[in-house]
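**Q** From just these sequences and the hints, can you work out the full model?
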Amino acid sequence: MKKTGAQIFVESLIAEGIDTIFCYPGGATLYITDALGDCDIRQIVVRHEQGAVHASDGYARASGKVGVSLVTSGPGATNTVTGIATAYMDSIPLVIFSCQVNTALIGNDAFQEADIVGITRPCTKHNYLVKDVKDLTRIIKEAFHIARSGRPGPVLVDIPKDVSASLGEFKYPDKVHIRSYQPTYFGHTGQIQRAMREIASAKRPVLYTGGGIILSDASHELTKFAEALSIPVTNTLMGLGGFPGNHHLFLGMLGMHGTYAANMAITESDLIIAMGARFDDRATGKTDEFAPHARVIHVDIDPTSISKNIKVDVPIVGDTKNVLHKMLEIIAEDKESFKDFQTSTDEWRKKVAKWKKDFPLTYQRNGGLKPQYVIERIYEITKGKAIIATEVGQNQMWAAQFYKFLKPRTMLTSGGLGTMGYGFPAAIGAQVAFPKSLVIDIAGDGSIQMNIQELATAVQHKLPVKVVILNNGFLGMVRQWQELFYEKRYTWTCLPCPDFVKVAEAYGAAGYRIDKEEEVDMVLKEAFRNNQPAFIDVHVDPLECVYPMVPAGASLKEMLLV
Amino acid sequence: MRHTISVLVENEFGVLSRISGLFSGRGFNIESLCVAETLDPTVSTMTIVTTGDDAIIEQILKQLNKLINVIKVIDFRDTDYVSREMVLVKVNADEKTREEILRMVEIFRGKIIDVSQKTYTIMITGDEEKLRAFLALVRPLGIKELVRTGPIAMARGDKTIKMKDKQPKGGSEDG
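Quick note, the sequences are listed as chains A and B, same order. Note that this note's numbering gives residue 109 to position 109 of the first sequence, counting from 1, and the numbers run on in steps of one. Plus 1000 on top of the position in the second sequence (first one is 1) and you've got this note's numbering.
A couple of the hints might just be wrong.
[To be verified] Within a straight-line C-alpha distance of at most 30 angstroms, the following computed BS3-like cross-link-like pairs (lysine-lysine) qualify:
| # | chain 1 | residue 1 | chain 2 | residue 2 |
| --- | --- | --- | --- | --- |
| 1 | B | K1066 | A | K65 |
| 2 | B | K1072 | A | K308 |
| 3 | A | K175 | B | K1162 |
| 4 | A | K311 | B | K1066 |
| 5 | B | K1111 | B | K1130 |
| 6 | B | K1062 | A | K134 |
| 7 | B | K1066 | A | K141 |
| 8 | B | K1066 | A | K308 |
| 9 | A | K326 | B | K1062 |
| 10 | B | K1062 | A | K141 |
| 11 | A | K175 | B | K1072 |
[Stated by the list, open to error] With the Cβ distance kept under 10 angstroms, some of the chain B side facing chain A (calculated, not the full set):
| # | residue |
| --- | --- |
| 12 | V1009 |
| 13 | G1014 |
| 14 | A1055 |
| 15 | K1062 |
| 16 | N1065 |
| 17 | L1067 |
| 18 | I1068 |
| 19 | V1070 |
| 20 | R1077 |
Calculated directly from the structure, the hints in this document are not laboratory data. From the three backbone atoms N, C-alpha and C, an ideal C-beta is built for every residue, glycine too.
**A** Spelled out as structure tokens, the structure:
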């Protein structure tokens, strides 16, 4: 029986096991929108297409599944670009379906036409324009395969309106074969053995792990590996939750706003074991002075990440979970090589523990309500069991520093692109994936206004996301740089805010306000108990800065402490 | 350092812009780029001449390999290969110089493919040095226009590019 492209599209999603999409309609989506009208796929209609992609991204990060969004042509499609670039930088598996003007009109500057395949080419893992309905199922199958395999990433599929209207057969392929795409999952055995020899002879080893651990569900293996050899662990921002934040071997995050212990451990280490991390400039500081005494082992599924920023001594291309599994086998089999390891690294562990004890993350309690205190209380009240999304800036760094992420997929943050406005829609997506979990967006008064319209989505779909706005009346991170490096000229960064309580109430959500330390626990608890979405407007010390801080271009050991 | 790379790609629309976009987006140089279909019409070869130190070339090769439509990347650094380019050059040719130009074209085994009252259009193929030498000779006569194809390259001997699928690279030491 012949079906329309729109029906084939819907059946393909069902065949792919997709139960939720984030979407926004328009002229070009009409056939598909109509076909979705009577199917079981949950459709969360957002209020801006950027929100749709971020929500599908939050859904993907929290659940490990591929996030799906669907938007219309032209402006609908271009509005997704920030969301796509965000997911691309953080390797998040998404499939974005954009609709396109009729095939015959493509290239004619038609109404609501944009060359979205051209526009998104550098920020997608791959993209497609479907020119014929008979290619539709194959392309959808390939898109999902590419998005979730290897180093994951966003894939865009552009579907012209006439393709969604024309008739074809529905036959969903059960296999994908792309001759030019074969990711490497298993590390080279010889290289893994070489790495283990390096580790056995190291005196000052440190594990530096990133988002790859979370993407490959390797946190269990990582924890076992670190414990087996008692090697201290530092995480990148993307890696938080990949290793328990309350573990005695955990040093906290490294980098520009990393802990003293983490940055010193990297600087004095003689062996860095990098896993699923990509030596981003915010993590390394000045690369010439990064880990000057260390040899480097780097495990990553993407060969381009290896030796891109930092020269690697033992490269291993493969999935971190598989490689860690193999490494654990070697430790179990080769007891001889590791029998002196504990004693020879003991001095190092003591040194690292002393850094941790002498220079913990801290802040001064005088001068108004401190944002760090609010984060600490959120951690205590939720016992670390919430899913935390963040916006970008100071709120993000304080969340990374003062909330102890205990489990993978509980930290949703735009690490690579640094997208303000990411956190709120991402939290909505995570809440869709986990309706019973407490999902909190830690926001700033600047960032929340970049996708504040999604409050309508949260209210409509009864998604009780809590937004804790650390309101300092500034674009705080930029202001901090102006304070430190531009002689306190706060140009552009002091922006008046609306009354967030009234905004929340106007949308039909709950609004709370906190001004003093004494109110924090009571109000947060009440807001978290409430089954409505809520804005909690917390008026914090406007001039608080994020410390430690490694100034841009400085080496990791040159930290400004409190 | 100059460097020649051949890239086998799916012969589909948009592939060229993926490749050129990768170079421009990451700040790599393209000195020349030459694209055409191969024996297998579903596959095209791109011959790219680029510059950069070893670390940059390494990144270029890896980034090219990462593109979904790229079937194979051939790095000519460790291979003995031949490389040829074609030039079309329009030079001033009057009564006094015509004879001399004809002789030079013959010596360099080129061809005159178009003639006008005042000009010759010469076609010449060869490696970079030969073309440079020829152009240096005709330059004093007055070059009015010059078009080059950019080089194409192939390994010497009976070695050919295997058109098998991209393999998972667990077997190689550096991926």
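**Q** May I ask which of the numbered hints given earlier this structure violates, with the numbers listed in increasing order?
**A** 6, 20
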